[in-house]
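Going down the list, the protein sequences come from chains A and B.
Taken in order, the first sequence gives residues 13 to 493; the numbers are from my numbering.
Taken in order, the second sequence gives residues 13 to 493; the numbers are from my numbering.
Just to be clear, a hint being listed does not mean it is correct.
As the list claims (entries may be wrong) - List time: in silico EDC-like cross-link candidates among lysine to aspartate or glutamate, alpha-carbon distance up to 16 Å:
no.	chain 1	residue 1	chain 2	residue 2
1	A	Lys-112	B	Glu-102
2	A	Lys-134	B	Asp-41
3	A	Lys-452	A	Glu-428
4	B	Lys-112	A	Glu-156
5	B	Lys-348	B	Asp-338
6	B	Lys-216	B	Glu-60
7	B	Lys-456	B	Glu-94
8	A	Lys-112	B	Glu-156
9	B	Lys-134	A	Glu-102
10	A	Lys-250	A	Glu-60
11	B	Lys-71	A	Glu-102
12	B	Lys-17	B	Asp-444
13	A	Lys-71	B	Glu-94
14	B	Lys-250	B	Asp-41
15	B	Lys-216	B	Asp-338
16	B	Lys-112	A	Asp-41
These are calculated hints, taken from the structure and not from any lab test.
Number of protein chains: 2
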Amino acid sequence: MADDKALTTRAADFSAWYNEVIARAQLADYSPVRGCMVIRPNGYAIWEQMQQALDRMFKDTGHQNAYFPLFIPQSFLAREAEHVEGFAPETAVVTIGGGKVLEEPLVVRPTSETIIYAMYAKWIQSWRDLPLLINQWANVVRWEMRTRLFLRTTEFLWQEGHTAHATEEEAEAETLMILGIYRRFAEEWMAMPVLTGRKSDGEKFAGALRTYAIEALMQDNKALQAGTSHNLGQNFAKAFDVTFQTADGGLGHVWNTSWGVSTRLVGGLIMTHSDDVGLVCPPRLAQYQVVIVPIYRKDEERVAVIEAAERLQQTLRAANIRVHLDARDGLKPGAKYYEWESKGAPFRLELGPRDLAAEQVMLARRTGGKEPIPMAGIGDRIHVEIDAMQQALLGAAVARREAGTIRGATREQLVEAMNGAGGFVYGGWCGDATCENDIKDQTKATIRVLPDEEFRSDPAPTRCIWCNRDAVTEAVWAKAY
Amino acid sequence: MADDKALTTRAADFSAWYNEVIARAQLADYSPVRGCMVIRPNGYAIWEQMQQALDRMFKDTGHQNAYFPLFIPQSFLAREAEHVEGFAPETAVVTIGGGKVLEEPLVVRPTSETIIYAMYAKWIQSWRDLPLLINQWANVVRWEMRTRLFLRTTEFLWQEGHTAHATEEEAEAETLMILGIYRRFAEEWMAMPVLTGRKSDGEKFAGALRTYAIEALMQDNKALQAGTSHNLGQNFAKAFDVTFQTADGGLGHVWNTSWGVSTRLVGGLIMTHSDDVGLVCPPRLAQYQVVIVPIYRKDEERVAVIEAAERLQQTLRAANIRVHLDARDGLKPGAKYYEWESKGAPFRLELGPRDLAAEQVMLARRTGGKEPIPMAGIGDRIHVEIDAMQQALLGAAVARREAGTIRGATREQLVEAMNGAGGFVYGGWCGDATCENDIKDQTKATIRVLPDEEFRSDPAPTRCIWCNRDAVTEAVWAKAY
Numbered sequence: 013m014a015d016d017k018a019l020t021t022r023a024a025d026f027s028a029w030y031n032e033v034i035a036r037a038q039l040a041d042y043s044p045v046r047g048c049m050v051i052r053p054n055g056y057a058i059w060e061q062m063q064q065a066l067d068r069m070f071k072d073t074g075h076q077n078a079y080f081p082l083f084i085p086q087s088f089l090a091r092e093a094e095h096v097e098g099f100a101p102e103t104a105v106v107t108i109g110g111g112k113v114l115e116e117p118l119v120v121r122p123t124s125e126t127i128i129y130a131m132y133a134k135w136i137q138s139w140r141d142l143p144l145l146i147n148q149w150a151n152v153v154r155w156e157m158r159t160r161l162f163l164r165t166t167e168f169l170w171q172e173g174h175t176a177h178a179t180e181e182e183a184e185a186e187t188l189m190i191l192g193i194y195r196r197f198a199e200e201w202m203a204m205p206v207l208t209g210r211k212s213d214g215e216k217f218a219g220a221l222r223t224y225a226i227e228a229l230m231q232d233n234k235a236l237q238a239g240t241s242h243n244l245g246q247n248f249a250k251a252f253d254v255t256f257q258t259a260d261g262g263l264g265h266v267w268n269t270s271w272g273v274s275t276r277l278v279g280g281l282i283m284t285h286s287d288d289v290g291l292v293c294p295p296r297l298a299q300y301q302v303v304i305v306p307i308y309r310k311d312e313e314r315v316a317v318i319e320a321a322e323r324l325q326q327t328l329r330a331a332n333i334r335v336h337l338d339a340r341d342g343l344k345p346g347a348k349y350y351e352w353e354s355k356g357a358p359f360r361l362e363l364g365p366r367d368l369a370a371e372q373v374m375l376a377r378r379t380g381g382k383e384p385i386p387m388a389g390i391g392d393r394i395h396v397e398i399d400a401m402q403q404a405l406l407g408a409a410v411a412r413r414e415a416g417t418i419r420g421a422t423r424e425q426l427v428e429a430m431n432g433a434g435g436f437v438y439g440g441w442c443g444d445a446t447c448e449n450d451i452k453d454q455t456k457a458t459i460r461v462l463p464d465e466e467f468r469s470d471p472a473p474t475r476c477i478w479c480n481r482d483a484v485t486e487a488v489w490a491k492a493y
Numbered sequence: 013m014a015d016d017k018a019l020t021t022r023a024a025d026f027s028a029w030y031n032e033v034i035a036r037a038q039l040a041d042y043s044p045v046r047g048c049m050v051i052r053p054n055g056y057a058i059w060e061q062m063q064q065a066l067d068r069m070f071k072d073t074g075h076q077n078a079y080f081p082l083f084i085p086q087s088f089l090a091r092e093a094e095h096v097e098g099f100a101p102e103t104a105v106v107t108i109g110g111g112k113v114l115e116e117p118l119v120v121r122p123t124s125e126t127i128i129y130a131m132y133a134k135w136i137q138s139w140r141d142l143p144l145l146i147n148q149w150a151n152v153v154r155w156e157m158r159t160r161l162f163l164r165t166t167e168f169l170w171q172e173g174h175t176a177h178a179t180e181e182e183a184e185a186e187t188l189m190i191l192g193i194y195r196r197f198a199e200e201w202m203a204m205p206v207l208t209g210r211k212s213d214g215e216k217f218a219g220a221l222r223t224y225a226i227e228a229l230m231q232d233n234k235a236l237q238a239g240t241s242h243n244l245g246q247n248f249a250k251a252f253d254v255t256f257q258t259a260d261g262g263l264g265h266v267w268n269t270s271w272g273v274s275t276r277l278v279g280g281l282i283m284t285h286s287d288d289v290g291l292v293c294p295p296r297l298a299q300y301q302v303v304i305v306p307i308y309r310k311d312e313e314r315v316a317v318i319e320a321a322e323r324l325q326q327t328l329r330a331a332n333i334r335v336h337l338d339a340r341d342g343l344k345p346g347a348k349y350y351e352w353e354s355k356g357a358p359f360r361l362e363l364g365p366r367d368l369a370a371e372q373v374m375l376a377r378r379t380g381g382k383e384p385i386p387m388a389g390i391g392d393r394i395h396v397e398i399d400a401m402q403q404a405l406l407g408a409a410v411a412r413r414e415a416g417t418i419r420g421a422t423r424e425q426l427v428e429a430m431n432g433a434g435g436f437v438y439g440g441w442c443g444d445a446t447c448e449n450d451i452k453d454q455t456k457a458t459i460r461v462l463p464d465e466e467f468r469s470d471p472a473p474t475r476c477i478w479c480n481r482d483a484v485t486e487a488v489w490a491k492a493y
């Protein structure tokens with residue numbers, strides 16, 4: 013794709029558009045290794061911002077980071093019956109090490125419950141050792157058949173939290189607390205509204221008691237599972253013999269939780285906000301929140317303008333704003349505008365001789381709108397702009413999601429939506445896996461969540477959307493990534 | 013090892029002492045996977061501090077982070093002849109993916125030159141794309157026969173920088189600039205003095221033109237290679253066809269560098285400073301620079317002391333000091349002192365009712381010395397203490413290294429040192445690999461570096477330490493980890 017060609021539009025081909033946005037903004041690239049991507053500096057910078065924000069939230073709630081081995085003995089995976097069934101088919105297996113065939117093959121971790129709880133069995137002796145609240149930032153591998161940059165790759169980066177508690181109540185509280193952190197991160201940092209709720213048994217994590225998720229609606233009205241938090245009950249504690257001496261002198265198995273978000277979030281960010289020009293990145297996660305483009309014709313102008321631009325850069329840096337001065341020579345301002353728009357820089361500051369004279373600078377927003385603003389107090393002003401754009405992006409995404417949502421839907425509406433516009437479809441569910449599977453077979457829609465109270469319809473549906481028997485719960489259906 | 017048992021002393025058994033320091037401070041643990049360790053939260057926190065400091069230094073010098081695949085097609089490794097010879101024997105190989113035998117096996121990266129330069133060939137077209145300055149934080153796997161926690165593990169964490177330049181001079185300047193960053197990090201953050209210099213051809217990186225290294229001397233007088241920076245010349249550019257259009261319209265191969273430090277640094281930190289009580293951690297890298305231990309007997313005392321301790325914690329946090337308040341009930345102050353000493357906390361603040369009344373707190377240094385200091389201005393005082401301890405640790409380590417160094421050594425002195433006390437032995441070298449190999453066979457010492465000018469002896473040695481022929485350079489020998 014040449015750099016000056018317009019992107020395929022979202023309306024024409026959403027999937028082609030998505031790939032072109034990534035290529036144009038140099039966020040990621042295909043690698044020579046099947047299903048594995050390269051995260052390029054522009055994409056990795058967004059992931060680093062995400063990591064920093066999430067890491068702070070985890071640490072503020074008492075979690076510590078650690079690092080567990082990449083390799084898991086194949087036999088470990090088999091100790092929890094549902095877990096091995098879910099993950100074994102999609103593993104990469106090391107059979108040769110140091111030139112010799114291994115006695116026991118090693119699985120490249122698809123997730124680390126088994127290796128981590130094997131260590132917890134060693135570390136946890138008494139109730140005094142609980143809760144144990146550990147997170148790790150790591151790469152994992154799942155052998156995927158159809159891959160898409162960021163959304164589904166054979167190797168991906170993620171964080172996986174693994175905690176151990178003395179009681180079921182504490183484990184449940186942790187599971188929900190983390191779900192809340194994920195929601196807050198999605199809304200406050202990614203400007204991506206999410207539904208929260210529980211997964212049906214058919215969609216839960218292999219080995220979990222209960223899985224909760226945050227689900228977002230992309231611009232093509234398909235759902236993206238953006239993070240999951242699992243109450244593992246005592247399943248892994250029993251499989252790995254993680255016991256502890258209780259406060260009253262007895263012996264119990266611990267209660268575990270695990271939870272994760274991944275580089276998939278970068279894909280969600282792209283598909284939530286970007287437009288036919290290219291990437292739109294919420295300012296709180298942008299590599300550069302502000303890009304300064306100096307404008308000059310003659311050499312005398314150049315010196316003064318570049319000097320002022322450097323001062324402006326320093327001022328903004330001192331105000332804790334991530335700023336880049338694009339001082340490249342031999343590239344016209346218009347070409348720079350176009351490049352930074354496709355790369356998703358939230359704000360552009362154009363600075364020319366007339367702006368200098370007027371002690372102002374031209375502010376252009378990636379989401380539209382351009383106006384001169386005074387140099388005086390510019391740091392504060394940009395912070396106000398950042399907050400405003402962050403709010404505007406979230407507001408627009410909420411409105412779009414609501415426009416794509418049908419509540420109290422009938423069977424016909426569900427079928428019609430899945431044949432056409434897509435979206436979130438709310439309806440009653442009898443709780444029977446037969447209906448869940450029939451819907452999946454006939455419409456390709458899955459239950460995204462059994463929504464948390466805040467997201468439930470009023471009045472609640474009384475009949476199953478599919479079989480018309482009594483509903484035991486409300487559910488949200490969508491086609492999903 | 014029970015928690016109240018004294019450690020094996022360094023004098024009695026350095027290697028046992030090292031393992032016990034790690035176990036007692038809960039820095040790392042053996043995993044069920046051969047040669048792979050678990051980095052526990054206390055150890056990972058040190059690594060995180062190291063990462064932050066290094067990452068800032070890399071970014072301040074224009075580097076960006078990215079992420080490349082874990083897996084490398086086996087054929088890629090073979091494209092650079094020396095590289096495959098060096099690394100192929102120690103690789104872990106994935107032969108099965110998604111339940112099927114792979115057509116081409118995938119190597120788990122032992123280092124990423126090959127996969128990265130394959131991507132650079134795609135990304136670099138013209139001199140305008142240069143220099144390309146990328147770093148990645150990642151895990152790598154080398155199938156090691158004998159492993160030791162942090163120092164040599166099958167999987168380890170590291171950063172690997174990979175740059176491409178238009179000229180040999182620029183590549184050499186980058187290689188040396190990074191060596192300078194590594195040295196500065198070792199000295200200013202780890203308080204670990206290092207020699208810098210070039211590796212002999214026998215010790216250089218497989219595929220490099222020239223390898224430079226920082227080398228430190230541990231308390232047992234063995235050397236630790238703590239970081240390497242390679243000028244790769246055009247070896248990989250030619251193997252992967254990384255070409256660019258030069259400014260004058262020609263076509264050239266780029267010049268590459270690569271450089272890395274790893275979790276091995278944590279092992280170096282432990283072996284540089286720790287004592288027979290346990291870990292000693294330089295304050296700039298400590299998880300908690302200050303631990304507050306409240307002292308009270310009666311309940312009335314408790315309330316007031318804990319309140320004051322919390323205020324103190326807030327004061328220190330506001331002063332950007334990493335502080336932990338150990339408010340555990342049911343554990344005597346003495347037990348807490350002992351625990352935090354073995355965990356390497358640089359400063360302990362003891363706070364009791366009498367201290368409250370006197371508006372002071374008792375400061376105890378991990379490196380010795382205890383005195384009351386006033387509450388007023390305590391943030392500034394702790395910063396002064398941090399700098400002073402950092403300097404004192406570096407000074408002590410320099411003095412120890414100098415005491416363990418022999419300059420202008422004879423063949424007999426080299427042999428005697430390697431049979432006995434160890435240390436850095438400086439002498440002339442004829443440049444012949446035969447002498448290098450004979451010395452290695454007979455004394456187990458290797459050439460650590462051909463020292464940079466600053467570290468060379470005056471007068472320079474004129475004869476080879478081994479064969480007595482003319483010396484072409486000075487070299488530093490030591491037994492090494």
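Going through the numbered hints above, which ones does this structure break? Give me the numbers in ascending order. 6, 7, 9, 10, 11, 12, 13, 14, 15, 16
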